[in-house]
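**Student:** As you go down the protein sequences, you meet chains A and B in turn. Be aware that the first sequence starts at 1, since it is given in our numbering, and climbs by one per residue. Be aware that the second sequence starts at 1, since it is given in our numbering, and climbs by one per residue.
Treat the hints with caution; some may be incorrect.
What follows is a set of in silico ranges between Cβ atoms, one per label pair, in the way DEER data are often shown [as the list claims (entries may be wrong)]:
#	chain 1	residue 1	chain 2	residue 2	range
1	A	Arg20	B	Glu215	49 to 57 Å
2	A	Thr187	B	Met104	21 to 29 Å
3	B	Ala249	A	Glu106	21 to 29 Å
4	A	Gln263	B	Trp251	36 to 44 Å
5	B	Pro77	A	Glu106	42 to 50 Å
6	A	Arg152	B	Gly120	50 to 58 Å
Over the 10 Å line for every Cβ pair with chain A, so calculated as not near, a few chain B residues [as the list claims (entries may be wrong)]:
#	residue
7	Arg27
8	Arg55
9	Glu61
10	Arg90
11	Val115
12	Trp177
13	Pro180
14	Ala226
15	Val246
16	Arg291
17	Ala297
18	Arg315
For the chain B half of the interface with chain A, some residues (derived, Cβ under 8 Å), not all of them [as the list claims (entries may be wrong)]:
#	residue
19	Asp33
20	Lys94
21	Thr147
22	His150
23	Ser151
24	Leu220
25	Ser221
26	Leu225
27	Ser237
28	Thr248
29	Ala249
30	Tyr260
31	Asp262
32	His265
33	Glu269
34	Thr283
The set of hints was computed from the structure by calculation and includes no laboratory data. The C-beta atom is built at its ideal place from N, Cα and C for all residues, glycine as well.
Spelled out, the chains give:
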Amino acid sequence: MSVPIRVIIPDGGRVAELARIVLSSLPLSYASNGEHGPGAVFIVDGQATAWPEAVASAIKEPAAGVVVIEPRPAELGSLLGLLDQHPVPVVVDSRWTNPLLPAAAEAFATAMTSDGRLECRVIIPPGQDQQNALVDQLSLVRRLIGAASGVRMIFTSDRGYFAQAAAGGLRLDLSLVCTRAQPNSATVRLITLDGSVELFLPSGDTARPAQLITVGQNGVTEAPALYESGHRSSWRRLRELINSGQTTADLQDLAADIATTHQRRPPDDHKKEQTT
Amino acid sequence: MPTTTLGVGFVGAGPVTQAIHLPTLARLPEAFDVVHITDVDPEIAASVAARVGARSSSTIEQLLDDPAVDVVAVCSPHQFHAAQVTAACRAGVKGVLCEKPFAMSGQEASEIAAVSAETGVPILVGAMHTFDPGWRAAQANWGDLATTTHSIRSSIVLPPNPRFEDFATEVITRPDWPTPDLTDAEVRAGLVQGGIMGLAIHDLPLVRALLSDFEDLAVLSATPLAPFGYQLVLTASGTRIELHTVMTATWRPDWALEAYSDDQHLRVEFTPSYVHAGSAVSTLTSGATARTFGPEAFNGYEGEWRELEAVALSRTPPPDTGVLIDDLRFALRIAEAAAQRVRYAAGQVVAA
């Protein structure tokens with residue numbers, strides 16, 4: 001049996017609360033005693049403005065690993081440079097992280113042909129940062145299909161957006177709706193010429209299972225339900241990385257997705273297409 | 001309880017009459033009796049009429065001269081609707097049910113409305129989802145949703161029609177669908193325009209019911225989808241509207257309309273056309289509370305015939321022709337602007 005790894009949790013706030021919940025469910029993998037020092041795992045609140053600096057400090061400890069919870073877009077150049085010099089596994093626990101993602105990625109890969117169209121639809125409450133939402137969407141698409149590119153905003157407002165992009169050689173529609181009527185969720189659908197793959201993801205805060213439904217010529221297949229929150233799956237992943245001595249490309253991928261959002265094309269001037 | 005059985009005359013004997021309306025009327029024997037079917041092809045008219053023991057003819061004049069015809073159902077190709085609805089009104093029938101769209105321009109629609117007002121003959125448009133009891137229950141219970149909706153999404157994924165026509169009846173005279181040349185911008189524009197007037201139009205009156213206005217309507221994106229379909233993003237009165245339809249070789253229909261406000265979400269899941277699989281199921285969600293309406297035993301097609309009966313027998317006021325005209329104007333504006341967008345975008349076709 002492996003020894004629990006010390007976990008350093010930020011003082012107070014939502015992330016501290018989430019961390020306590022995850023810790024209670026992984027008592028053999030992690031332990032919290034609050035003492036800094038080499039060999040600990042650091043939990044970083046990605047919504048804090050200076051989260052890259054917090055990750056950098058952890059890397060310099062040196063940490064055994066880092067989990068960044070729901071990072072907001074930030075400049076990551078110097079952090080990536082530091083990580084090159086001091087390889088430490090850093091897991092990005094983004095909003096749509098879910099234990100079903102590996103199985104979903106396999107289902108999408110199996111169904112994907114050049115004749116298909118992808119949709120990624122997200123629901124979050126009004127008032128949240130929309131660039132952050134777009135980065136989270138791109139991170140999800142990357143985990144399922146591959147990196148998205150060529151994002152073109154078709155419509156934007158304080159209640160959401162609609163954008164078009166490409167991923168895995170297919171057209172990708174990205175939609176955000178801001179409402180309090182439904183819990184946070186993401187739905188990714190691949191429509192092919194003879195079926196579909198649809199993944200429904202709840203927020204990473206809940207152990208409510210994601211749903212993965214594949215429609216083919218022989219019927220419908222639903223993947224087994226995994227009652228594990230996205231946060232817990234991130235911590236488990238980090239422990240496996242530490243045990244196997246591996247690092248991740250999570251921060252590099254995040255930096256690439258942030259760069260993609262910076263390159264997004266704004267909505268056109270549509271007035272000339274209006275009918276009278 | 002109905003006290004009178006209404007004689008029905010059909011104008012057009014194609015798959016819609018065969019697979020939708022005749023099986024629907026078989027469920028309403030106390031209300032309706034199909035007495036006359038006309039079609040430009042007299043053999044088809046005779047064959048379809050024989051199924052229900054009706055007379056047949058090859059002109060609308062013969063049908064309107066038949067004293068047993070109380071109500072007329074116009075199920076001919078779109079371009080003939082206006083003239084045939086007008087003729088039926090002039091003949092003084094008790095009611096007209098016209099398949100959507102009931103005209104091909106706002107001008108035609110206004111002229112029809114004027115004839116309806118002058119003759120007192122009520123007109124219903126066969127936009128079946130507007131008569132679906134699952135939708136109507138949502139409408140009756142959604143509170144302020146129609147004035148607070150900021151995002152609407154209609155998504156239709158369907159197998160080709162014959163899959164459901166064959167479950168509904170045994171169809172003759174199925175039209176050929178030649179493979180379109182998608183390299184031609186005009187063909188692409190025509191496909192999108194036709195798709196909106198043929199498929200999106202089922203839900204456009206419902207979308208309009210969730211908008212305060214559409215005078216500032218703008219189509220922001222329009223993409224033809226192969227093998228047949230479209231994907232549109234538009235805005236009207238500050239509301240974002242996504243319309244997506246694709247027909248693929250899937251066996252599984254997926255037809256949903258959703259509306260979002262800050263505090264309410266409506267999802268309506270419709271059953272496929274043709275088959276009598278009951279009504280839509282609507283779910284209104286607000287935070288931790290969800291209310292579900294349906295399924296009822298009957299669908300929108302049966303709903304529209306029940307409504308026609310009530311209107312023809314003066315049990316219910318006729319529909320407001322102003323609403324019908326605005327529904328048509330809304331659809332036409334979207335179709336025209338989308339086609340223009342497709343020409344403007346030049347070249348893009350996306351699979352599925």
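**Student:** Should the label of valine 115 (chain B) as a non-interface residue stand, given a Cβ cut-off of 10 Å to chain A?
**Tutor:** Consistent with the label, valine 115 (chain B) stays out of reach of chain A, its closest Cβ about 27 Å off (over 10 Å).
**Student:** Would the stated hint for lysine 94 (chain B) survive a check requiring a Cβ distance to chain A of less than 8 Å?
**Tutor:** violated, 37 Å
**Student:** Take the shortest C-beta to C-beta distance between glutamate 269 (chain B) and chain A; is it under 8 Å?
**Tutor:** Not OK, violated: glutamate 269 (chain B) not within 8 Å of chain A, min 14 Å.
**Student:** Tyrosine 260 (chain B) was flagged as interface toward chain A. Is the shortest Cβ-Cβ separation under 8 Å?
**Tutor:** holds, 5 Å
**Student:** For alanine 297 (chain B), is the shortest beta carbon distance to chain A beyond 10 Å?
**Tutor:** holds, 25 Å
**Student:** How does the Cβ-Cβ distance of alanine 249 (chain B) and glutamate 106 (chain A) compare with 21 to 29 Å: does it lie in that range?
**Tutor:** For alanine 249 (chain B) and glutamate 106 (chain A) the Cβ distance comes to about 23 Å; the hint holds.
**Student:** Just to be careful: measuring from the Cβ of serine 221 (chain B) to every Cβ in chain A, is the smallest value less than 8 Å?
**Tutor:** holds, 5 Å
**Student:** Taking C-beta pairs only, is arginine 315 (chain B) more than 10 Å away from all of chain A?
**Tutor:** holds, 37 Å
**Student:** Note whether the CB distance of arginine 20 (chain A) and glutamate 215 (chain B) lies within 49 to 57 Å or breaks it.
**Tutor:** Between arginine 20 (chain A) and glutamate 215 (chain B), where Cβ atoms are some 54 Å apart, the hint holds.
**Student:** Confirm or reject the claim that glutamine 263 (chain A) and tryptophan 251 (chain B) have a C-beta distance inside 36 to 44 Å.
**Tutor:** holds, 40 Å
**Student:** Does the CB of aspartate 33 (chain B) sit less than 8 Å away from some CB of chain A?
**Tutor:** Nearest chain A Cβ about 42 Å off; hint violated.
**Student:** Taking the closest Cβ pair, is histidine 265 (chain B) under 8 Å from chain A?
**Tutor:** Because about 4 Å separates histidine 265 (chain B) from the closest Cβ in chain A, which is inside the 8 Å limit, the hint holds.
When each numbered hint is compared with the structure, violations occur for hints 2, 14, 15, 19, 20, 21, 27, 33 and 34.
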